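From first to last, the protein sequence lines are chains V and C.
Mapping the first sequence onto my numbering, position 145 (from 1) lands on 145, and the numbers just tick up by one.
Mapping the second sequence onto my numbering, position 130 (from 1) lands on 130, and the numbers just tick up by one.
No lab work stands behind these hints: they were computed from the structure.
Since this is a predicted model, take the numbers as computed values, not measurements.
One thing to keep in mind: the hints can contain errors.
So the derived label-pair ranges between C-beta atoms look like this [said to hold, decoys possible]:
#1 V/18 <-> C/240: 27 to 33 Å
#2 C/190 <-> V/120: 31 to 37 Å
#3 C/147 <-> V/141: 25 to 31 Å
#4 C/190 <-> V/245: 44 to 50 Å
#5 C/274 <-> V/68: 35 to 41 Å
#6 C/240 <-> V/237: 38 to 44 Å
#7 V/120 <-> C/335: 23 to 29 Å
#8 V/141 <-> C/240: 26 to 32 Å
If you want the footprint, here are the derived chain V segments under chain C, 3+ residues with CB under 8 Å [to be verified]:
#9 57-67
#10 83-95
#11 175-183
Glycine included, C-beta positions come from ideal geometry on N, C-alpha and C.
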Amino acid sequence: MTDPLASAPAAPALDLKGLTKSYRNGPTALDHISLTVDQGCFCVVLGSSGSGKSTLLKCITGLVTPCSGEIRVNGTPMTRKTLRTIGMVHQDFGLTERLTSAQNVMAGAASITPSWRIMLQAYPLPVQRKACQLLARVGLTEAHANRRVKALSGGQKQRVGIARALITDPSLILADEPVASLDPRTSAEIMQLLKDAARERNAAVLCSLHQIDLARAFADRIIGLQGGHIIFDGPPEELDHAALSTIFKADETGPRLKFAVA
Amino acid sequence: MTDIPTSSAAQAWRLKQPYGWRTLLVLAALFVFAAVSAERMQFDRMLNQIGDFAFASVGLKEDSQIGRGMGGVFQDMFPIAIAERRPVELIEHFDETNLPLFSHVETVRVDQSSLDPDTLQMNTITVEKAYLVEPVGYLVYVLGKMVETIEIAAWASLIAILFSLPLAWLCAGNYSPHPIVYGAARSLVSFFRAVPELISALFLVLAFGFGPIAGILALTLHSIGFLAKFYAEDIESADTGPQEALKAAGANDFTILRLAVLPQVLPSYTGLSFYILDRNIRMATVIGLVGAGGIGQELKGRFDMFQYDRVGTILLVIFLTVMALDLISARFRRDIV
Ligand SMILES: Nc1ncnc2c1ncn2[C@@H]1O[C@H](COP(=O)(O)OP(=O)(O)OP(=O)(O)O)[C@@H](O)[C@H]1O
Ligand SMILES: [Mg+2]
């Protein structure tokens, strides 16, 4: 298949071809993953622990170097420059606790800010204004903006994390179990916020989760990951009992456990 | 009564015992080594002398070597020298109408015998000799030397901190630009740390001459060796979450260090830096002994001239300063860190 016409309006937000990763002294975490995520699609990667969700997202942002395969974002291959078209939300927030919320949000724009400004923490005024707007958008106040992240609750921290991911106007938002450490109610609020914020910008989302109910409630499309393979791909309505048991229950008799029993 | 249900297999278990014949062997070996080493270190002579001194001090013995050695010195040390009294003719540009603060001129008559060249007879003449007396002159001088000592330590600490920050970057395994740079930086830093201040000061005095320059440089080198190592270790052990997050956002190493690492390590850096300042002040009093400026240089000079009353003043000023610094830094640590 050759490249579609450059003028084609909708290069997919994310296009993975044959993505493979095996850790040096570990299992094959991703095994020839091919996946296309359309613009504006809220796509949830569902899988149990160790299924390769984090590895998949880390490969896209270059935190993990894949062994083979191709990654294209908006039709262009990934480089450090194109990273600014991606925003990432982390499971453990990935915020610098001793900086304020606003400083953390503006740090998301580090790749497009001159070094001397970073050195002095003197961000350009437009970046500062945008950080304020985003913090307001995720439901925080001026007091929160000037407070150290250390002094925020888990839910508030993840709101800051989302604001940071949005500051470069990404067309693709990656979220690695963004609500893993939050209570069910806060989880739903954060997922709603992520979905709304993405929709406002027509940004695609690739969000890993292990909570079935959240995946059902928010996803446009669910990818089931198990042992580094995509074993389910479809809308939430198609996620029936059989599909779930292949994603989750299969794990109980999965390779590792089988080994131990044999 | 119900017994805990017993399992026959568990009855055969053997738990690891904390001590065994190996412990005994190690202890015996340590004892032999200690005995040999104590012999080499002349422990017998040390105990003899201390015993003699103890007997002598309660009157059971005539005298002891320790008593003889220290007694004279301590007797000469008190009263300590506070005033300064100098012959006027030795003072350059002496101006009787414009004396230093609180000082006065004292004239004494001294008999001088001289040979009369005509009669070839010794005759005694009385001359007036003028002295400039400053009642707290020597104490002020020593305090000035103490301030100089603190200045040496402060400069050394400041320069060391400034150089250690970039050096720590090269020494941190996860941020060093290249393995060769990492190896070179690490070796340099451990070399700096391995050379004691007193020894580097000895050579720096040869290179730069007597005075504070050698002292500042000697302290700086050693402090860099200490700070860069511990700064680097803090960088290496910083929480990786924020660092990965910024890396995923396309930030470069410098940015990550500034925004994700520095805020994390800053409290620890502050503590380390204050520790090195504290230590440098104490070390700065010592390196003067080899001529590297500060109060130690004055101490060494007076000690060599057997002016023990002045030595007493110097020691008192050092002790009081170090104790005061201890109090200040303890309070400071409570408030800041
Ligand atoms: N740095 C690493 N070195 C070796 N193996 C690794 C490393 N990171 C992950 N793995 C392995 O790769 C597999 C996939 O891990 P990954 O972290 O992607 O799973 P996950 O789906 O994110 O799990 P979780 O839900 O617990 O976060 C696991 O078997 C894991 O042990
Ligand atoms: Mg994970």
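Evaluated hints:
| no. | hint | in the structure |
| --- | --- | --- |
| 1 | V/18 <-> C/240: 27 to 33 Å | holds, 29 Å |
| 2 | C/190 <-> V/120: 31 to 37 Å | holds, 33 Å |
| 3 | C/147 <-> V/141: 25 to 31 Å | violated, 51 Å |
| 4 | C/190 <-> V/245: 44 to 50 Å | violated, 58 Å |
| 5 | C/274 <-> V/68: 35 to 41 Å | violated, 52 Å |
| 6 | C/240 <-> V/237: 38 to 44 Å | holds, 39 Å |
| 7 | V/120 <-> C/335: 23 to 29 Å | holds, 27 Å |
| 8 | V/141 <-> C/240: 26 to 32 Å | holds, 30 Å |
| 9 | 57-67 | holds (count 4) |
| 10 | 83-95 | holds (count 10) |
| 11 | 175-183 | violated (count 0) |
The structure is inconsistent with the numbered hints 3, 4, 5, 11, although it conforms to all the rest.
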